[in-house]
Every structure is written in structure tokens, then in C-alpha cells.
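Let the sequences and hints guide you as you build the complete structure.
There are 2 protein chains.
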Amino acid sequence: MSSAASANQRPRPGRPRLTPPLLAGPPREQVLEAAARLFTSKGYAATSTREIAEAVGIRQASLYYHFTGKGEIVTELLSRTIRPTMDSVARIESLTEDPETALYLVALSDVRTLASAPHNIGWLYLAPDVAQVEGFDEFTAARDALAATYARLASRIATVDALGSIGPARLGEKLVHTVEEVIGLRNAGHRINMDDAAWIASSCLRLCGVDNARVELAVRDAEEFLDEIDGGRP
Amino acid sequence: MSSAASANQRPRPGRPRLTPPLLAGPPREQVLEAAARLFTSKGYAATSTREIAEAVGIRQASLYYHFTGKGEIVTELLSRTIRPTMDSVARIESLTEDPETALYLVALSDVRTLASAPHNIGWLYLAPDVAQVEGFDEFTAARDALAATYARLASRIATVDALGSIGPARLGEKLVHTVEEVIGLRNAGHRINMDDAAWIASSCLRLCGVDNARVELAVRDAEEFLDEIDGGRP
Chain V
0 MSSAASANQR PRPGRPRLTP PLLAGPPREQ VLEAAARLFT SKGYAATSTR
50 EIAEAVGIRQ ASLYYHFTGK GEIVTELLSR TIRPTMDSVA RIESLTEDPE
100 TALYLVALSD VRTLASAPHN IGWLYLAPDV AQVEGFDEFT AARDALAATY
150 ARLASRIATV DALGSIGPAR LGEKLVHTVE EVIGLRNAGH RINMDDAAWI
200 ASSCLRLCGV DNARVELAVR DAEEFLDEID GGRP
Chain A
0 MSSAASANQR PRPGRPRLTP PLLAGPPREQ VLEAAARLFT SKGYAATSTR
50 EIAEAVGIRQ ASLYYHFTGK GEIVTELLSR TIRPTMDSVA RIESLTEDPE
100 TALYLVALSD VRTLASAPHN IGWLYLAPDV AQVEGFDEFT AARDALAATY
150 ARLASRIATV DALGSIGPAR LGEKLVHTVE EVIGLRNAGH RINMDDAAWI
200 ASSCLRLCGV DNARVELAVR DAEEFLDEID GGRP
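Those sequence lines, one after another, are chains V and A. Each residue of the first sequence is one higher than the one before, counting from 0 in numbering that gives the first Met the number 0. Each residue of the second sequence is one higher than the one before, counting from 0 in numbering that gives the first Met the number 0.
For the record, the hints were derived by calculation from the structure and aren't laboratory data. Note that the coordinates shown come from a computational prediction; the quantities given were computed from them, not determined experimentally. Using N, Cα and C, we set each Cβ at its ideal position, and we do this for glycine too. One or more hints might be untrue.
What the hints assert, rightly or not - Straight-line distance between alpha carbons at most 27 Å, and here's what the computed BS3-like set of lysine-lysine pairs gives: (1) V:K69 - A:K41; (2) V:K41 - A:K69; (3) V:K41 - A:K41; (4) V:K69 - V:K41; (5) A:K69 - A:K41.
Stated by the list, open to error - Covered stretches of chain A, as calculated for chain V (at least 3 residues, CB under 8 Å): (6) 126-137; (7) 200-206.
What the hints assert, rightly or not - Counterexamples of contact, computed for chain A against chain V with all Cβ distances above 12 Å: (8) G24; (9) P25; (10) E28; (11) L37; (12) K41; (13) T46; (14) R49; (15) A54; (16) G56; (17) R79; (18) D97; (19) S154; (20) R155; (21) I165; (22) E172; (23) D226.
Okay, structure coming up:
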């Protein structure tokens, strides 16, 4: 690393950190990490930007260098509960043409996204105070896009009986919700292992009316792609 | 009504209501109704007992005559998202010996409980600030009891494949969660109709690995009991 680059990363003289850094990684990530912890433990409304800055060990003014405020922090955190899954969809659809295997893999990717999100931030989107944040619409749009992806895949699978009177759009919503079980499990102190993940992902197929034998088959077909869909993700 | 009873219900002289009553029903119910509206619109932490009292049109001190504080109000609201369902279980099991019909009816009762809860209060149990309330353990225990009921019924139904590696207890949890889809739908402005309710209840059977034909059968069998399980509930 050149000394110029290294100097850039050091606090400027006269503007020392309030305390030594408590967390690792770039300051922007440290802010997100500390905010995630505070929002999910105290609640969004009850957390101030000052507390977040203090937890990171930077001045409040420095926090505003990275984010316009709490609202931008929470919307970035929420978008991270969806983006990795959406990023995996095209890759999954290039790997398999079987819609049941594809739906299973998308759901599995979604389970992993929620299972690895720091401090179970998926939790936050249901909080009334978070829903009022400017920029929350962006999260709603991203979640709708995820539901539309589920709906598109499910519409190629679902039996007439399983669709009943509700139609593919509502089924897509249902599949997003069924994967969000991860959030409740984590809240209850449960660690999501691969068996849980596989079971939750296959519940998406069951909700489409896929019978036991074909669920089994999709799960087995998916196995060869597991490493490819999201590399080293937990 | 005797004049003594009627006098009991009137404000005593010298202690008039701050404003005329804004809501109907006994004061305790008015407090619950106003609190449900404020908690779900502003959030729990951001709502004061003073605001609740003002919304009802009573003094803050009068509110404390009915409740020890916000915590007792929110735990009472949360318990009402579960109690009516639990109350219906014994009645349902006396009506039918078929576990699939029974599970469907319990789930349907649960859907109706959440769909008719004022201001979608089911929403609140996921809020970090609510989870810290003294008395929240009681709600957790009630929700666990509901999950145990689902687990007991599901264990008589679920195929080995559908259970996979997770076991009946986790399947019970999953079924509670799948019905909680109602909360998200209401948040998104969706009004739950009978078709939605039937579809969500039958998704519990699908998650147990019940095939389309048998789901159909349970739904039809259940129809004759619909009026009996919870009388005039919406």
C-alpha cells in the first residue's frame, strides 16, 4: 500500500476518533454493522445517529459523510436482505431449465441471504417506525420484484388445485413469506443449518402442489449446483 | 338499568373527561383500541400513555386505573391474536376426528383471528421494542402453545418426506408462521376474504405433504363445521 493511500485511511490530525475503532472493515461497513445491532436490539426509532457513531467510535458528523441519516442506513440494510438473492436468479436460470429445481435454488439462495444477514436485519422491515422511513418504498419495490420472480417460476409449476382462487402473484407473495420464516427462527435463537435451509426451500415446492417424489427429485438435482449459485456464502 | 349502575358509568362530578369520548364501548376496550391504532401507526416505543389517554378522551391517571402501563396494554393486545384460536381447538376436535379436517379448521380459525384483530396488531410481536416488554414471555408462551397444537395435529398427518429432518415441533412453528402471512397481507392493504382464508388454511395441509385430492377433501369436509367453530366471527 502506498503511503498516500495509507494516509487516506488514517484519521486526519486534529480530528481523532472519539475512541479506538471497535469494529473491523471500512467505516461505512462499520456504521452499517453498528446500526444493525442497535436497530434490532433497541428498535429503529429509539436509536440515534449519535449512538451509532459512538458505537463505531467516530464523530456524529463523520457518520453523515457516509449516510444522509438513519433512514438511508436502514434502507441500505434492508436492501441487503434481498439483493444477493436477486443477483443469484439469472445465474440459477442459466444453470437449469427445470422450473422446480430453479425455484428450489432461488428459495435456497433467499434462505441463505436471510440466514447470514447481520443481526437478523430482515426483522426490521415489519416495524411500524421503519415503514415510515423515506426510501422505504425502494425496499417495498425490491421485495415486490423478488415476489414477482417467485411468481414467474411458480406459475410454471403450480397445479390448478394449488393455485386455487388466488393466482400466481399472490402465490409469489406467499413464497417470499414462507422463506421469511428464517427471520422468526433466528429471533427465537435458532441457528439455520443446511437441513433447515433445504426444508424451507422445499416447502416452496410443496406450496405449489408439487408431490413428495418430485420435491425429492428437485432437491437432488439442485445439489450439483449448490456451490455455483453463491460461491462461499454461508 | 338501575340508576346506581348508570351513575357508576358516568364520570364523577369534578372529574370530567378531557374531551367527549371518541370511541364506543367500555373504557378498557377504548384504551385497547386507541393503543392498537397508535402502536401500529407510530410504533410502540414512540407512543406514550398520555397520547393513548388523549385519544380515548380520558386523563392519563384514569388509564392507569385499567392498566399498569403500556406493557400490560400491548401484552393484552398480543394475547388477543392467539386466544380465540386456542379457544376454538377443543370445539374443533369435538366436531371431527379426521386430523386433516381438524388441522384445516384450526388454521382457518387462526386466519380469522389475525384477519379480524383490530389494526393488524399481530404485526407488533416482531417489533424489537415490544419484545423487551415485561410480560412478553406470556405472549411467547401462548404462541408456543399454539405451535404445539399445530405440531400435535401435524404429527398425525405429515408424511415422512414432508417432515424431512426437521421433526413435528419445527413443523408446528412453520404452520404458525404460514398463517401469519395474514399480517403481511393486511400490512400491504389486502383485505382477507374467505377464498384467501381457505387457501392459507389449506397451505398448512400442503406443508404436511398432503396431496391435492386430500386437501380438496378436507376443505369440503370442513365446510359443514364452519358456522360452528366460531359463531359469528368475521
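Verification of the hints:
1. V:K69 - A:K41: Satisfied, since the Cα-Cα distance of roughly 16 Å is no more than 27 Å.
2. V:K41 - A:K69: 16 Å, holds
3. V:K41 - A:K41: Given that 27 Å is the threshold and the Cα spacing comes to 15 Å, the pair holds.
4. V:K69 - V:K41: Distance of about 14 Å is within 27 Å: holds.
5. A:K69 - A:K41: 14 Å, holds
6. 126-137: Held - the region 126-137 of chain A has 4 residues with a Cβ nearer than 8 Å to chain V, which meets the minimum of three.
7. 200-206: Satisfied; 4 residues make the cut.
8. G24: Holds, because the least Cβ-Cβ distance between G24 of chain A and chain V comes to about 24 Å, which exceeds 12 Å.
9. P25: 26 Å, holds
10. E28: The claim holds: E28 of chain A sits with its nearest Cβ about 22 Å from chain V, beyond 12 Å.
11. L37: Check fails; 10 Å does not lie beyond 12 Å.
12. K41: Check fails; 7 Å does not lie beyond 12 Å.
13. T46: For T46 of chain A, whose nearest Cβ neighbour in chain V is about 10 Å away, the distance does not exceed 12 Å, so it is violated.
14. R49: Per Cβ check, R49 of chain A is outside 12 Å of chain V; nearest 17 Å; holds.
15. A54: Holds, since 16 Å exceeds 12 Å.
16. G56: Fine: 23 Å to the nearest Cβ keeps G56 of chain A off the interface.
17. R79: 18 Å, holds
18. D97: 19 Å, holds
19. S154: 16 Å, holds
20. R155: 17 Å, holds
21. I165: Not fine: 5 Å to the nearest Cβ puts I165 of chain A too close to chain V.
22. E172: 7 Å, violated
23. D226: 21 Å, holds
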